[in-house]
Structures are given as C-alpha cells and as structure tokens.
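Asker: The letter at position 176 of the sequence shown is residue 176 when you use the working numbering, and the numbering goes up by one with no holes.
It is worth saying that the hints were derived from the structure and are not from the lab. Just to be clear, a hint being listed does not mean it is correct.
[Claimed, not checked] In silico BS3-like links for lysine-lysine, alpha-carbon gap of 25 angstroms or less: (1) K85 <-> K58; (2) K132 <-> K58; (3) K85 <-> K239.
[As the list claims (entries may be wrong)] Label pairs and their calculated CB-CB ranges: (4) G79 <-> F238: 35 to 43 angstroms; (5) S77 <-> T231: 31 to 39 angstroms; (6) A236 <-> G133: 36 to 44 angstroms; (7) S174 <-> L232: 20 to 28 angstroms; (8) D171 <-> S137: 30 to 38 angstroms; (9) S174 <-> S137: 36 to 44 angstroms; (10) E64 <-> P216: 41 to 49 angstroms; (11) D223 <-> R59: 20 to 28 angstroms; (12) F238 <-> V61: 17 to 25 angstroms; (13) P145 <-> T218: 35 to 43 angstroms; (14) N237 <-> D143: 29 to 37 angstroms; (15) S174 <-> R107: 35 to 43 angstroms; (16) E50 <-> N148: 17 to 25 angstroms; (17) G133 <-> E50: 36 to 44 angstroms.
Beta carbons are placed, not taken as given, at the ideal position from N, Cα and C, and that holds for glycine.
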Amino acid sequence: MFCSIVRSVFVFFPAGAGRLPAACLCLALALCVASCGGGQQQSRVSDDLEGAGGAPVKRGVKPEPDAEAAVIEATSSDGKIDYGKIVVELYPNVAPQMVERFKTLTRQGFYNGTTFHRVNPEVVQGGDPLSKGEDQSRAGMGDSPLPNVPAEFSDVPFDRGVVGAARKGNDVNSANCQFYITLRRVPQWDAQYTAFGKVVEGMNNAQVIAGAPTRPGTENPYDKIVIKSITLQPRANFK
C-alpha cells in the first residue's frame, strides 16, 4: 500500500509545481525500499507463530545448502514438450530427515515417471507414485514404501521457490515422498509445513508448468507433466 502511495507521488506530482526537494525524494525512496523489500522475500517468520498440531518449530537456523543439489527434468507425456530443468538446493540443517528421504528416493529412481499432478498459481506438486498410471483420480494419495517422516517445522518462510514436503491433511507427521514448489509468498504455510529446499535455477520452468491447462474442476493438468528424472549433482555446478 505504501509503495503505491510513493509511486503516486512520482507519477502524479503536478508538472507546474516545480520539483520535489531532493531530501523528500530520498526519503520516499528509502521508505519504499524498506516497505517493499526485494519483492516477496522474508528472512524469518514471527517468533510468535506456533507449529501446526503443536509440533516444535526450529528457530534461528540459517539454511545451509547440501553438497548435492536435486535436478528435476520434466516433459509432456508424449515427450513433445520439454519443460526444462528445475534445480533445488537442499537444507539438511533445517529438515535433515526429509532431505535424507528425498535423496534416498532420488537415488532409487523412485521419482522417475511420476508427475506434477497438482498445479495452480500458488504451487506445483509432484512425486506421487500413483500418478504414474493413466488414471489421475488418485494422484496425490500415494506414498513410498518407506515410513512417514515426522514434522520438521522451522522459521524459514515459504517464499517463492521454497520446496516443501506434502502431507495428508492435518496429520503433521505424514510427509513421505511428495513435494511441492511454491510459486509466490505463502505466509499461511510458515511453520505449518516442512520446508527442506529452494529452487536456485529454473523457476521460470516451474511457472510454465503451473500454467498448464487443467481438467475441469480439478488441479490436475489435462496433459500429464512427467518427471522424467531427478538426479543429484554437485551443488557447486550451479549458481
């Protein structure tokens, strides 16, 4: 709101009224930068925010990238559309169990052939083994053969590009294999879901996936968006 007001000062300041004093311009710019920030980024969530289901919240931990990054490659089901790569850095110091689970399944090739079964302007979600078949009605309900992963909530905010662990409803300890990528700041997920990584390259590709046409009344892409592969590569290979 304040940014809009400041912009209005510059756009609608009467041409015949002379120029704004330099000090006023500097103050307006400083306040605009302070209030608008660098977009949607936020360094920490409120200390008062409680974890979903009473789960503990890890606070004050600066995400430290793992030595390996996950590289997601996606295509259309017929292979005619290449959605490119999405590179995710992983944060084992924030969510060690979920990062280990994701890496374990990646090494096993578990994700290859699954789909991004849920897309909307807020998120793209994938990694469900039930999404491999033609029947997408149960996509989003599947798990790996491994046990569920308990909640690992933190004060890392769900900014654009953050990768989180999907779960079943209000059961905070039901994360397993599915993951999602946030496409914009989603404050209502802060300390309510496990954040375990962030996209460092290919957010534009995630946005393209999110814009895919969906089946009427669902968030399922009309044409399947297949995760061709997820591989682990040295984090140092990427920006």
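Asker: Of all the hints numbered above, which does this structure not satisfy? Sort the numbers upward.
Answerer: 1, 2, 4, 5, 8, 9, 11, 13, 15
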